[in-house]
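> If you want the building blocks of each chain, they are given just below.
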Amino acid sequence: MSIFTPTNQIRLTNVAVVRMKKGGKRFEIACYKNKVMSWRSGAEKDLDEVLQTNTVFVNVSKGQVAKKDDLSSAFSTDDVTEVCKQILAKGELQVSDKERQSQLEQMFRDIATIVAEKCVNPETKRPYTVILIERAMKDIHFSVKANKSTKQQALEVIKQLKQSIQIQRAHMRLRFVLPAKDGKRLKQKLRPLIKTVENEEFDDQLEMVCLIDPGCFRDIDELIRCETKGKGTLEVLSLKDVEEGDEKLE
Amino acid sequence: MGHTSLEKIIALQKKTSRIRNLCILAHVDHGKTTLADSLVASNGIISSRLAGKLRYLDSREDEQIRGITMKSSAISLQYTTGGNEYLINLIDSPGHVDFSSEVSTAVRLCDGAIVVVDAIEGVCPQTQVVLRQAWLENIRPVLVINKIDRLIVELKLTSQEAFTHLQKILEQVNAVTGSLFTSKVLEERAEKDAEAQSSCTENSSADQVYDWSAGLEETDDSDLYFSPDRGNVVFASAIDGWGFSIHQFAEMYSQKMGIRSSVLLKTLWGDFYLNAKAKKIMKGAQSKGKKPLFVQLVLDNIWNMYDAVVTRRDKEKVEKMVTSLGLKVMSRDLRHSDPKVLLSAICSQWLPVSRAVLSMVCEKLPCPAEISAERVEKLMSVGARRFDSLPEKTQELKKAFLDCSADETAPVIIFVSKMFAVDSKALPQNKQRPLTQEEIAQRRELARQRHAERQAANQSAESPGSADAGGTSTPAGPARGAVTDALCAQTEALSVKAAVEEENKEHFVAFARVYSGVVRKGQKVFVLGPKYDPSLALRALPEGCSVADVLPSIPHMACCTVDSLYLLMGRELEELDEVPSGNVLGIGGMEEFILKSATISTSPACPPFTPLNFEATPIVRVAVEPKHPSEMPKLVRGMRLLNQADPCAEVLIQETGEHVLVTAGEVHLQRCLDDLRERFAKIEISASEPIIPFRETVIRPPKMDMVNEDLGKQQKVAVIHQVKEEQMKNPEGVQVDSTGLVTLTTPNKMATVGVRAIPLPEEVTHLLEDNVELIRTMEQFSLFAWEDKTLDINQKILENIQDFKVKLESNLQGHKWREAVERIWAFGPRRCGPNILLNNIEGYRRPSVWQCLEREKETERAEIRDFDNSIVSGFQLATLSGPMCEEPLMGVCFSVETWHMKISTPLAQQDSVDEDSQPAEPSNDDQSESSDVHETSSNRSRSRVGAAGGSVDCYGPFSGQLIAAMKEACRFAFQAKPQRLMAAMYTCEIMATAEVLGRMYAVLSKREGRVLQEEMKEGTDMFIIKAVLPVAESFGFADEIRKRTSGLASPQLVFSHWEVISSDPFWVPTTEEEYLHFGEKADSTNQTLKYMNAVRRRKGLYVEEKIVEHAEKQRTLSKNK
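First to last, the protein sequences are chains A and B.
Numbering (UniProt numbering) for the first sequence: 1 to 250.
Numbering (UniProt numbering) for the second sequence: 1 to 1121.
No lab work stands behind these hints: they were computed from the structure.
Computed from a predicted structure; not experimentally measured.
Just so it is clear, CB atoms sit at the ideal spot from N, CA and C, and this is done for glycine as well.
Take the hints with a grain of salt, since some may be wrong.
A partial selection of chain B residues facing chain A, derived with a Cβ cut-off under 7 Å [said to hold, decoys possible]:
#, residue
1, 193
2, 1099
3, 1100
Below, simulated SDA-like cross-link-like pairs (lysine to any residue); rule was C-alpha separation at most 25 Å, straight line [what the hints assert, rightly or not]:
#, chain 1, residue 1, chain 2, residue 2
4, A, 90, A, 123
5, A, 67, A, 86
6, A, 45, B, 1090
7, A, 162, B, 1104
8, B, 393, B, 530
9, A, 162, A, 152
10, B, 902, B, 655
11, A, 45, A, 70
12, A, 248, B, 655
13, B, 1099, B, 978
14, B, 1106, A, 240
15, A, 231, B, 1090
16, A, 90, A, 117
17, B, 531, B, 572
18, B, 1113, A, 151
19, B, 393, B, 610
20, B, 1090, A, 42
21, B, 634, A, 70
22, A, 162, B, 683
23, B, 634, A, 96
24, B, 1113, A, 103
25, A, 98, B, 655
26, A, 240, B, 367
27, B, 634, A, 117
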């Protein structure tokens, strides 16, 4: 321990400051750390567990309390608690470590869940478990970006995972019925979009059951809609082509 | 005794009457493997000095480390007594409860069993189990009371006390045997009664049974019991290498004292004493306070020996004893500091345990030819089938069994009880054998040649100065030779490495026994699976066909050639050319044909043997995953191999993609995982708790609160800490009225749907679950009808559907359900689940789901019909994943009450314009993402292109919007009702003895189990308890209950049904009473909430919980301080 300990320096521990600019003035409130997000999400219901003190400041670290007039002019109310709630709900704050960590963790899980839902092991046509996907994601050092949607990131992850494990998007099973005259022409156009054709009948009209990559669905949908002028029908037989039921390994 | 040669054993194998197949059974740690060691040592396979320490038959590494046996392994020994040579096929079995399946495989192949009991611990749970197993398989047991030395050294009992103690143990063992006998008698009586009632005048088989069981009741059961004077009990201390039966002492003393040995034999065990004056043996030692004969003549001697050798270390006395016994002890042993060494040196000469046990075995246990007719019938009649009902040809085979002849003509019958994996290195083909003389000579010649060449090279290269040293004495020569040798060795090693890759493949050897005939290498045989039916095959096959013919394929039957035959010698295998009947053997090259067990025969009439009686069924479930996800295929292959190698393990892939391993217990699990890691998969794996499924449902609003007070009368108190008012989380466009009707409008304000959720009665849910197939057929029919095609359904299914409809109607009574059955719109999820969508819209008619029952077709098509499918799809999506934790719904009825559409004009023309005006999608990712939205929204929806359905606005296709709206409406409707989780339940059957009932109940109640019934098993002191237990609580249940009850209760778990968990996951105290009772935060854990949050956390959904519970108390050390 050093001999000289500054006694005049006051450190703010366990304080999270929430700021808001309103009516050209800056207002701050002093809150506990790791609590503001819980309040916003509704998990924390007790205001006293969130606020350090029921006071609105101009500057928390200097301890300058906001003037009553300013408050009432900016928020058009005298009730300090009400003002605090408003600032809590809309003010800006530094997200603390634990909050960020839990948020990222949750997103990571969410991404893994989405990947597990959308993908299968192409060999067995069975889904991977979430835990396995999570581990694979850690293996490829995937880092979550907090400002991108989980779905978007999940689609990126699938691409990256393909290099390390056997994984592919579960195919969609489609059936379309096309009028005979458009049939041939359309078939040529559809061919590159289709993965495998399971069944094909061509008498008075073309009827096909096929597996496609879910990413191509919109293209196929549009193609059929525009080309046949509404005479063709498209039907999704199953969203995910996966094996059902338990299988005993023998 | 020298090492028994292979030739000798082969010769002995042919003498059926000299073969004894036996196994060693006992509770864990009672000394089976140690005893086996001493027996093995008697054949000179291991040093007798190491016997008891080496545990020769525990060949696995983890067996040696843990000190318990984990698999049954066999060894063939040879023993000579009274001029007769015997071949003893000894099988050592594990004692731990988790491996009782291995015991079953061992017991099946044997004719007799050595039951080992610890002299201190007495009869333990597994002792009872093994006695029962031996009983069920009809094999004759003999008893070895082991660890008598502990009575002397540890407990320090006097010989008198020890005698009473031993008597007690014997009584315990006999009590178990007795109860087995009585329970069988009672069972038979019950069976007989039932049969007598049902078929008084039926065929003769009933009469036979009657006569037979009646006879059994009358027969004296005393020959079942163990008694030293019968010669079926040996007292031993396998660790010190001694053991004796009464016979040995009787003979010894009859010479010494001149009493007839038969008299001694009768009186040596029991309440007799020697009257020295009268030179008579008198009864009633106990009452007169005299030393019983056994104590005086037998135990005292041993006690003296221990006293002299171990306790007092009296050298002179020891020497005196040794000389008086006429033994020779090496001076090395005499001088050894550890008295145990001396003791075992003396004892193993004086009373060698192997002699006592093996002679008892040879005398008392039956040879293979003496197999009883009763046992044969039991083996041959699978399941409930009577022996008499088997085809005649099959019945004829019984004779072959009884003869057990090794004739050429006798049909070959082999039973394979398990498959075990062997490293290819251990196979005799790949083993290094000692070289024969010629080979050695040949090699020497080669070496000499090489040497000569080298020499020549040396001479030409080196300076002529060293030429005089042309002989072998040149120092440089050998040195260089060594170099080239090393080179050679290196290249050899390289080639070996390549070979090793191939050899690392696991080989499976079938653990089997020949019951009849002679099996030869290269012979063609039928391999019959456990489900094979001889009557089927006999019909299909021509008369008198053999294996060599080309045969039509018959289920569960395969033809193959016997690749190789092995003699099992513990950890080693010896190759054989033929094996005659009555022997235990290993068969190689069967892994393609046999999964776990099978019957091998040359006759197609042979029935498969009855499945093994497994005392433990696999119940411990874990999910197994590779550490590196890319190694998945290796894991799957490894699990397949494991399944084949382990009689009791089960492996399966679940719908969720989990690979589940089911084992009999935690130790078994550990072994299976080790096997997977090191042998079969050779990858790192992790095992975890398997995923537990849940279902979501709604219930009627409860009338009582949590403290059983009527809810109606109490007023709700404002809960203080819930300052934040319950804000309606519903986004715009959703209205919920007080009755739970949810109205929701699509984002483009074109359509509005009103949905209400209603709980279905339990019976209806069950009905729906049971009739999934019917619903699927109905669904198919309506699908075809939609496309103006017809699907032909046969009459029987139609009747079933009609039946189903009537049942539904009878279960859906009351004004709420008026005409409900007629108005069913769809079932879900996946179009056939246990949830219903009802059409309660005024004036909206659509073809009913029952249209397959009505032949005439409705052709009327409303405009709204085009979106019919969107509504159904929305419903399907909503039922597939509920709002609580995205698990499927169950037993919920969604009734659509209103449905308004504003658009009716086709917007086809606008379509393409809209499409083009949409901003081009920036990247492929985005594109596929947006199509994902579409993907969910268009689940089975028909894009009726050109009709109104095709309209596209800024919110995406309209059909998609409608689906999303319907889905959301359903979810909100669901949330408007009291929600509950449903848990999967196991029914759990527990067998337990009376004294552990209390502790078992404690475990059950701790894990939220509920006891349904409890009854005592007739004739035993066992209780059978039936209980239900949530699957979520079952992880580790079996292990806990075994631990708590010291293994006396063994549970069996089977999935039974779904059950609503009564507590509300969102419950907080609201009424005054609850408030008083639970406090403001309801601190007691809410089980349902715990389940729900666990699922949500696993799926990465939002979990409503605080990061920090108490803000003031969190750790706030900043980093720069």
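> Please go over all the hints and tell whether each is borne out by the structure.
Hint check:
1. 193: Since chain A brings no Cβ nearer than about 40 Å to residue 193 of chain B, farther than 7 Å, the hint is violated.
2. 1099: Holds: closest Cβ of chain A sits about 5 Å from residue 1099 of chain B, inside 7 Å.
3. 1100: 3 Å, holds
4. A:90 to A:123: Outside the cut-off at roughly 51 Å; violated.
5. A:67 to A:86: Holds: residue 67 of chain A and residue 86 of chain A sit about 17 Å apart, inside 25 Å.
6. A:45 to B:1090: Status holds; Cα separation ~20 Å.
7. A:162 to B:1104: Violated, at roughly 34 Å.
8. B:393 to B:530: Holds: residue 393 of chain B and residue 530 of chain B sit about 19 Å apart, inside 25 Å.
9. A:162 to A:152: This hinted pair holds, its Cα atoms lying about 16 Å apart.
10. B:902 to B:655: 43 Å, violated
11. A:45 to A:70: 28 Å, violated
12. A:248 to B:655: With Cα atoms ~11 Å apart, residue 248 of chain A and residue 655 of chain B stay inside 25 Å; holds.
13. B:1099 to B:978: It holds: about 23 Å lies between the C-alpha atoms, which stays within 25 Å.
14. B:1106 to A:240: Violated, at about 36 Å.
15. A:231 to B:1090: 53 Å, violated
16. A:90 to A:117: Since the Cα atoms of residue 90 of chain A and residue 117 of chain A sit roughly 35 Å apart, the hinted pair is violated (cutoff 25 Å).
17. B:531 to B:572: 32 Å, violated
18. B:1113 to A:151: With a Cα-Cα distance of about 37 Å, the restraint between residue 1113 of chain B and residue 151 of chain A is violated, given a limit of 25 Å.
19. B:393 to B:610: Roughly 18 Å separates the two Cα atoms, so the pair holds.
20. B:1090 to A:42: Cα-Cα ~18 Å, so holds.
21. B:634 to A:70: With a Cα-Cα distance of about 71 Å, the restraint between residue 634 of chain B and residue 70 of chain A is violated, given a limit of 25 Å.
22. A:162 to B:683: Answer holds: residue 162 of chain A to residue 683 of chain B is near 21 Å, not above 25 Å.
23. B:634 to A:96: Violated. Residue 634 of chain B to residue 96 of chain A sits at ~43 Å, over the 25 Å cutoff.
24. B:1113 to A:103: Satisfied, since the Cα-Cα distance of roughly 22 Å is no more than 25 Å.
25. A:98 to B:655: 36 Å, violated
26. A:240 to B:367: Distance ~62 Å between residue 240 of chain A and residue 367 of chain B Cα, so the pair is violated.
27. B:634 to A:117: At roughly 23 Å apart (the allowed maximum being 25 Å), residue 117 of chain A and residue 634 of chain B satisfy the hint.
Of the numbered hints given earlier, the model fails hints 1, 4, 7, 10, 11, 14, 15, 16, 17, 18, 21, 23, 25 and 26; all others are met.
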